[in-house]
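J.: Chain by chain, the residues:
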Amino acid sequence: NAGVTQTPKFQVLKTGQSMTLQCAQDMNHNSMYWYRQDPGMGLRLIYYSASEGTTDKGEVPNGYNVSRLNKREFSLRLESAAPSQTSVYFCASTAGTSGRGELFFGEGSRLTVL
Amino acid sequence: QKEVEQDPGPLSVPEGAIVSLNCTYSNSAFQYFMWYRQYSRKGPELLMYTYSSGNKEDGRFTAQVDKSSKYISLFIRDSQPSDSATYLCAMCQSGGSNYKLTFGKGTLLTVNP
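As they're listed, the protein sequences go chains C and H.
The working numbering numbers the first residue of the first sequence as 1 and each following residue consecutively.
The working numbering numbers the first residue of the second sequence as 1 and each following residue consecutively.
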């Protein structure tokens, strides 16, 4: 059972380049999330999708766009990468109905912007 | 004041010690409280979940919530080297399809053999 799969796992970009981080879950979850994790800052929510067809901004959305392609897939796009976007990015999903708080996370995508 | 405060550590203990990890919060609307464990270079995974106040025990782990003090704790008994990880507290206001978790910054724990 794969759970939440993120690609790529590692990426190095130059300032101004664009890229898309892909995320797919096979648990039939309704809600999906993108977080970034930085030393001393913890996990911060970038965007989330409560259900297929909807997306909303989180705490730090500037410089990012998202697409909820279907129920399984939620992508994060950096249109013009900046060094401040160097981070570890985590995709997560949850059934979203119980409030139990169990987010299932992927293993992360480590992005360096030079 | 940040919504959730967590001492980042690092915390280093000998094998077999009792470990206490803590978070404080300011938003009295938080109802659901969680602890996530994150191994190095991995994603977080849910360890413990509690609703409202009280204690919850699962094996060597005990989660406590004191809503009157806005304080939550995670206790690890008989700590093992395999418990070495970063522990993140998390909380949210309500369930449903639109909830968002607020995370603490995490405490790095090392259990030495």
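Treat each hint with caution, since some may be false.
In silico lysine-lysine, DSSO-like type, Cα no more than 30 Å apart, as pairs [claimed, not checked]:
| id | chain 1 | residue 1 | chain 2 | residue 2 |
| --- | --- | --- | --- | --- |
| 1 | C | K14 | H | K42 |
| 2 | H | K56 | H | K42 |
| 3 | C | K9 | H | K100 |
| 4 | H | K70 | C | K57 |
| 5 | C | K14 | C | K57 |
| 6 | H | K70 | H | K2 |
| 7 | C | K57 | C | K9 |
| 8 | H | K67 | C | K71 |
| 9 | C | K9 | C | K71 |
| 10 | C | K57 | C | K71 |
| 11 | H | K56 | H | K70 |
| 12 | H | K100 | H | K70 |
| 13 | H | K42 | C | K9 |
| 14 | H | K56 | H | K67 |
| 15 | H | K70 | C | K9 |
| 16 | H | K42 | H | K100 |
| 17 | H | K2 | C | K57 |
| 18 | H | K42 | H | K2 |
| 19 | H | K2 | H | K56 |
| 20 | H | K2 | H | K67 |
| 21 | H | K100 | C | K71 |
| 22 | H | K67 | H | K100 |
| 23 | C | K71 | H | K56 |
| 24 | H | K56 | H | K100 |
| 25 | C | K57 | H | K56 |
| 26 | H | K2 | H | K100 |
Note that these hints are calculated values from the structure, not bench results.
J.: If a hint holds in the structure, say so; if it does not, say that too.
T.: Verification of the supplied hints:
For the hint pairing K14/C with K42/H, the CA-to-CA distance comes to about 25 Å; that is within 30 Å, so the pair holds. At most 30 Å may separate the alpha-carbon atoms for a hinted pair to count; K56/H and K42/H meet this at roughly 26 Å. Annotation: proposed proximity of K9/C to K100/H holds, straight-line Cα distance about 25 Å (limit 30 Å). Restraint check for K70/H and K57/C: satisfied, since their Cα atoms lie roughly 27 Å apart, inside the 30 Å limit.
A distance of roughly 25 Å separates the Cα atoms of K14/C and K57/C; the hinted pair therefore holds under the 30 Å criterion. Note on K70/H and K2/H: the hinted pairing holds, with a Cα-Cα distance of about 13 Å set against a maximum of 30 Å. Between K57/C and K9/C, the direct Cα distance comes to roughly 24 Å. Compliance with the 30 Å bound is thereby established for this hinted pair. For the proposed pair K67/H and K71/C, the alpha carbon gap of about 36 Å is over 30 Å, so the pair is violated.
About 22 Å separates the Cα atoms of K9/C and K71/C, which keeps this hinted pair within 30 Å; it holds. With a C-alpha separation of about 18 Å, the suggested pair K57/C and K71/C falls inside the 30 Å cut-off, and the hint holds. Between K56/H and K70/H the alpha-carbon distance is near 17 Å, which keeps this suggested pair within the 30 Å criterion. The hinted pair formed by K100/H and K70/H meets the criterion: a straight-line CA distance of about 19 Å does not exceed 30 Å.
Annotation: proposed proximity of K42/H to K9/C holds, straight-line Cα distance about 11 Å (limit 30 Å). This hinted pair checks out: K56/H and K67/H have alpha carbons roughly 14 Å apart, not beyond 30 Å. The straight-line distance between the Cα atoms of K70/H and K9/C is roughly 37 Å, outside the 30 Å bound, and the hint therefore fails. Distance check on the hinted pair: K42/H and K100/H sit about 21 Å apart at the alpha-carbon level, within 30 Å; holds.
Only pairs whose Cα atoms come within 30 Å are accepted, and K2/H paired with K57/C is accepted, the gap being roughly 20 Å. Distance check on the hinted pair: K42/H and K2/H sit about 26 Å apart at the alpha-carbon level, within 30 Å; holds. Proximity of K2/H to K56/H is assessed by CA-CA distance (about 26 Å); at most 30 Å being required, the pair is judged to hold. Pair hint K2/H plus K67/H holds up; C-alpha atoms about 17 Å apart against a cutoff of 30 Å.
Taking the CA atoms of K100/H and K71/C, the gap is near 18 Å; set against the 30 Å cutoff, the hint holds. The straight-line distance between the Cα atoms of K67/H and K100/H is roughly 19 Å, inside the 30 Å bound, and the hint therefore holds. Simply put, K71/C and K56/H have alpha-carbon atoms about 34 Å apart, too far for the 30 Å limit, and the pair is violated. With a CA separation close to 22 Å, the supplied pair K56/H and K100/H stays within the 30 Å bound.
Distance hint between K57/C and K56/H is unfulfilled; the C-alpha atoms sit about 33 Å from each other, more than 30 Å. With a C-alpha separation of about 16 Å, the suggested pair K2/H and K100/H falls inside the 30 Å cut-off, and the hint holds.
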